[in-house]
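**Student:** Listed here are the chains, written in short residue letters.
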Amino acid sequence: MLRNRCVLGFIFLSLISSVSYASGDYGCGLPRGTIFFRAYDSCNSLPFLSPSNDSRLNLELLLIDAGKLTGILNLSSENTASRDLAQLLVPFDLESWQLQEPGLGTDTGSAKTSANSNDYAQGEGSRCTNAGDGLEAFNKAVNTAAALPKEESTILIAARSALAPNCSSTTNSNWNTPQGIHSALGREFAVYITGANAFYSGDFLAALNNFKSLKNSANPWLKETSRYMVGRTLLNSAQVMAFGQWGDLQLSNVNKDNLKDAEDAFNSYLHDFPHGIYSVSARGLLRRVYWLGDDQARLAEAFDRALANSEKGANNVTIHDLVQEADAKLLASVKIDQIRSPQFLAIIDLMRMRSDGPNPATPLTLADLEAQKDRFASNPALYKYLLAAFHIYVDNKPEQALALLPNLTDARLSYFAFSQQTLRVLALDASKQFDAEHKLLLQMLPSAKLPLQSEQLQLALAGLELRTEHVDRVFAPDSPIRDKAIRTILVEYSASAGMLRQRIKDPKENADVIVAALYTLLYKELTGGKYQAFQADLTLLPSHPSDLLAPFVDNGESKNSEYRCPSLRQVASTLQCDGNDAQSLNCIGELVRIYGVHYGQDSVPPKTDLGGSNSLFPGIDYSRLDAYLNVIANKQADGQARAYALYRAVRCYAPSGNNGCGKQDIPLDTRKQWFQMLQKEYPGTTWAKSLKYYW
Amino acid sequence: MARFVLLSLGLLFCAPGIAASTVDASNYDAFWLWSGVTPQPVLKQARCVYVLQGQIEAKHGDESQVRFIAQGPTVPHNQQADVWLAYRVHTLHWTPREYVILIAQLHRWQRAGNNVVGVQIDFDAHTLHLQEYFEFLQQLRQRLPSEYRLGITGLLDWSSRVDPSQVNRLRGIVDEVVVQTYQGRHTIDNYSAYLPRVSQLTMPFKIGLIQGGNWDAPGYIAESPWFRGYVVFLQNPRVPK
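Protein sequence lines, in the order shown, are assigned to chains A and B.
Residues 1 to 695 (this note's numbering) are what the first sequence spells out, left to right.
Residues 1 to 241 (this note's numbering) are what the second sequence spells out, left to right.
Pulled out of the complex, with its shape left as it was, chain B reads as follows (with noise of 0.2 Å):
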């Protein structure tokens, strides 16, 4: 199914008078809607939306304490779209409540009768953390109810820093990585220099696009067994009404 829908993707960039390089959400069905970023029509097409609802970080001078901080907007009733609550986690040190609140919040938020499909963890790992990322994630996994999902947002060069035995290991915890193209609201300059890598990846994985970025897709991912789709990150037009 997800492969369908690339190869049609695929075809809309090939044909003619489509701009292939610039990032137009209206030919995408799946997005990230983050704070600060106000729902554009666009989301009515949306078969998958992936919604920031918190940040998880230290308290500022004791690690040994954790905030967990509401972001994104307050739960909508009755999505169609599949959901997924996005977490930016600064910290891997939670405490039972962290893993609570979380999960109380998976249920409320399919209480008001959205499909809510999985959790996604945004953190920068560092190629010194990943290992206690990797744990981290076993626990987040043990503790999640097995209906939902669990999904990570990789950076670009996050995949030549992973060795062929760490993806088989994170696949066995994990069910996709959404690797970004981009930093800030730009699409990174040398972005397809990573794409050879990204594409060997043996787990599933998304590609993150940034509205209005660029991106030219390579045959070669789609032609990757492991591929998912794309995901859009939305932003606000750069100059208001």
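Bound-form chain A, shown alone (with noise of 0.2 Å):
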């Protein structure tokens, strides 16, 4: 993840992956209408490698190339905040990201079986977490050796079952060694229990003991078991004094020696039971060894390892856990120079080539990257990548960028590819060969099969359209521009009135597309002053409009105002003769008022992203306190009109004292000002009556 905020320093006491996410921020808003984006921004993900990415999300895109997961989007209904704002797929937020891993089903969860025996939470770091498994093992252990006597196995059994691991305990749990116990197995099993109850204490010098006793076990169970557990209880012994006071990982704190012992240890029983039944949590718990002496080229080799065996059983955690490990573990404090993988060295490359990178001190440099070209000689296509990307999101040397990419293809486009293509439309964009990158997208549609690279060129193509005033085309029938999203925000806010109409004649267009061509046309021209258009326009409503549409053939008898109004088609007709009859002016304003702006028309976008410039009908930023000021101003008006003017600008003001009506920053002074010509002007009418303060 790695926002810059977000280096981690907590750690769990197990293995199982810790996740960070940053901080106490809430969810995203609407995804921004551009592929474009320097600085992190998780909550407008993409689905190639780009530096603003989500760290995890650059090594998901990768692991999907080589087979190991699928992505795909979903959206929650949660997700879509209201339902006439356009949401674009992509860019998307990473929370909406869902992987699969073949043979596990959806997500994602703890591939661990026994998930959900305790009461940990999924990454809760105790060395007793797994205790529950030990138990069973052990049972089945005592059950299936033949030497020992039946009652032994009973007793045996039951101390170990009386073992009730406490690992946040301070003291010791009141167990006793078990009695009765005989027999020379009976003995080891004993010993065994005792280090176990030893270990779960925090006893590690006598757990240590017991294990290393019995390392020469003639029972296979106890000789493999005991080797394994000398390694774990020298692990927990090397961290024993590594937490701070709020628990806080100090890695210089780590005791190395016992680090060292604990790695041997793991190695030599890996040496003597490559297939054995803890070999792959021994392989885990070295990358924990390794995370602890901070040797991050052998952790990053590590994980490599453990994500390319995913599929032989190599792992007792999910390629999504391990993602997360590798994200907390690795790429929350790397060590750039210590790092070998050419997977990890480009998505830690990707980071630094934010605006906003992980360490803003140390911005990375072309030299820098060029210093990394052996370490790449397993895969030089990844290394110009990082290359065409440091000229496209650092130095701004589009045309060189160009010079390292490859040409497209026919054949499918797998992630690396996609981006390597996305990079060339960035590039022919920034050097504004504008016709070329509108071939290239063009030709990139066919290939572009997996998950979110069409929505992703939809809107590349919508916006390049745009730019070069192009939009005619995204409407024309063949125009491969079809997602509904990117339809709509061109309608809002790019199509002219005539465009607009096309649409909402059009009986191959999107239904929600044509409301928000009827919403958008109706509104711009009643607030834009276009009155005659707007009665014409108001028959182009279906007979039974939608909620959103209703308020704009509601005649005004039926509607439940305080103020009264006629239809909005008289309203019209009245302004089309008088601009400033104030009654007609108010009613306008009812109309946000009571039904509020819909359809994105209360703001335009950024200028860099989609419907954020080079639009054929601008709104005017329709603000019902200017319609209440104009007839404030007319000294002349109907004094109901003038009354409920002064009465609705009044109260835009409450109750906080900010402007909740629009963008103007009208003072104190002038706001008591309404309020006592109401007052002093309008006695009688419901509106001074019912105004007790001005605020």
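The hints are simulated quantities; they were obtained by calculation from the structure and are not laboratory data.
All residues carry an ideal CB built from backbone N, CA and C; glycine is no exception.
Careful: at least some of the hints might be erroneous.
[To be verified] Straight-line alpha carbon distances no greater than 20 Å define the calculated EDC-like cross-link-like pairs of lysine to aspartate or glutamate that follow: (1) B/K44 to A/D621; (2) A/K680 to A/D669; (3) A/K663 to B/D189; (4) A/K439 to A/D395; (5) A/K635 to A/D609; (6) A/K663 to B/D29.
[To be verified] Derived list of chain B stretches under chain A, where covered just means 3 residues or more per stretch with a C-beta under 8 Å from a C-beta of chain A: (7) 38–44; (8) 72–82; (9) 188–200.
Combine the two chains into a complex, taking the hints into account.
**Tutor:** This is the structure in structure tokens:
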């Protein structure tokens, strides 16, 4: 994840990966209509290797290409904040990105079957989390040990069951060694339980002695298990002093001798039991050894191995867990010169290309990248990709980027190949080669079969059409831009009135886009003073308009409002003759006040984003307070209407003193004058009587 | 007690030479310690710390399955400060197991000699979900051992989205709401516009600030009988050493 603020300091005692979300921030707003972001932005994730992507997503895209994962977008209904706002599929909120692993079914939870059998959270750090598994294995070993007298088996199992692992306690549990064990094998099992008790109680020295004494046991389970437990005990003792007052890990306080002994113990175990009961776990714990020892070179290699061998039962965690673990344990505080894995180097270099990179004091330079060349010997294409990305995101030399990137082929686009071509799109755009960019986008579309690729291309193409003043092409019958959200945004902000009417009449147009077009057309006309056109275009409304459109055709009689208005057709007709008619101006204000503003008509996207520039039908940024100000200034206005405008203008600032009706900043004195004017000039009106304060 | 602390804080802000607008953590005594944030020396003076402990989320694609993901530090020992365990909640559809884990975590912290006082739920309650959220909190309150308090966070505009009857209902369920004046790592630009509504809350509330962010305390906040002080969200220094 790795936003700047997210340097992962805390860790857990177990190997299961921790997840570090950065902060107490809240969810994402609507995605932005662009595919070019220079800074980290997990709310606007992209399906190509972008510096702005969360590091986990970039790693996952590479893993999808390697056949380890598949990913799709899962837009639950909770994510769609408002029905009338078009939500693009690309960019997307990382939280909606859903991974699947072959053989695991949907997601990504813990692969451990025992995950639901204890009261620990997924990833919660404690050597006690798997105490339940240990009990089961022990019982099985006792029951299958032929040389063990039956009554001793019962005692041993009872003693093991009585162990109540309590890793957070500061005191040892009240557990007693089993009595009545006389056989040699029985005594070995008793030693094992004593060791386990010491281990769970945090008495690692005693545990170590017990486990070590069993290394030559004739019982194969005891022999193997105690060898493995020697490693775990040493690993736990290495980190005893490593936690700060608030449970935070300080690598400098890890006991290096114990850590080295733990590493030797695991390697020796793996040497003797390469396919043993605990070999998967031991390999995972070696990652912990490397991490605690700050050995990032071997840690990255171990992650590469674990990710590469995922199908072969090489891990007891899922790919998803490994990605989280790599993010938290490796990428969070990486020393770039230690990393030799091309995959991780690439992820880190991309992070360093962000405008808000992990260490702003030492931004990535071209020389840094060039110095890494040898380390990419096994993957030169990835190296060239990074150089090209550098020229696009950092030093703004798009021509050099283009020279580094391959031409499009007919093959289906992997995410990496798609990323290469996306960089070409960005480079062509930056160097204003719009025709070539247009051609490339169209050529990519048939090969863009993986999730979200097509949506990204459509967005890029729509943005290009808008910049090059070809919005009409987006709505042409053979346009490849079919995405509903993209079309809606262009309807709301970019299309001319004529194009909107075409959308409304086009039987092939999406129904939601048509509603957006109707609302946009009528709203912009009414608030923009195009009263004649408004009246004419009312005829485009269907006979049973949807909720958001219905107010345009309400006949004033039925409206349950404090202020009587005729129909908006009548309002427009009156205003056509007298643009300052007070009641009519108030009534347009009523439309906005009662029904709100929809289809994004109260805010225009940033200039860089789809819909943010080159509009053929710009809105006027209507504010109902402007209408009230107009009426207040009109001394000849109808008394009721002027009283109402004063009343509403004052209320625009209720209750906080901030303007809720527009952006005008009007001094308190003026608001006071409105209030006094209302009370003095229109004392008999409902509005004067009901207004007790001003704000 | 809480009010006394506040009054002295108010004095601090008025003292010459102190930049009232930048949140200096050393002027406060209650903090959030979030995942990925390295503990700072200022925690030594903490009277109260909200520590992130986990995230409860629906499994993507299957709303009926819930994941309880550990976050934050391993359990420390013998903290003097009052500790609230904080949880980021993305789904309200908990199974019995989520309650079991949460309560087990409270006990683990308590057993390690820490002074655990309550649970804080960090949930983005859209207006749409408010009713459901209240029912969830009621459930949690019923299952939570009575010695633990229950608190929630709320965004600044939260106080203008709940009506008085809802606040009254909430007051019967939770012990406090901490209203956050920041998003991401920055103070919300027009935070002061929301404060009049916040000050009208009729339930115990605290104001959440972000370390290094902005805060100019209007006098009327401290005048509210429901105001219980500040909590500062700690963040790592911008440029690593």
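**Student:** Evaluate each hint against the coordinates.
**Tutor:** Going down the list of hints, with the structure as the test:
1. Under the criterion of a C-alpha separation no larger than 20 Å, the hint pairing B/K44 with A/D621 is inconsistent with the structure, at around 52 Å.
2. Between A/K680 and A/D669 the alpha-carbon distance is near 16 Å, which keeps this suggested pair within the 20 Å criterion.
3. For the hint linking A/K663 to B/D189, the alpha-carbon distance of about 15 Å falls within 20 Å, and the restraint holds.
4. Using a Cα cut-off of 20 Å, the hinted pair A/K439 and A/D395 is violated, with the two alpha carbons roughly 26 Å apart.
5. Annotation: proposed proximity of A/K635 to A/D609 is violated, straight-line Cα distance about 44 Å (limit 20 Å).
6. Of the pairs offered as hints, the one joining A/K663 and B/D29 is violated, with about 38 Å between alpha carbons and a cut-off of 20 Å exceeded.
7. For the stretch 38–44 of chain B, the stated coverage by chain A holds: 3 residues have a C-beta nearer than 8 Å to a C-beta of that chain, and at least 3 were required.
8. With 8 residues having a beta carbon nearer than 8 Å to a beta carbon of chain A, the stretch 72–82 of chain B meets the requirement of three or more and the stated coverage holds.
9. Counting residues of the stretch 188–200 of chain B whose beta carbon lies closer than 8 Å to any beta carbon of chain A gives 5, which reaches the threshold of three, so the coverage claim holds.
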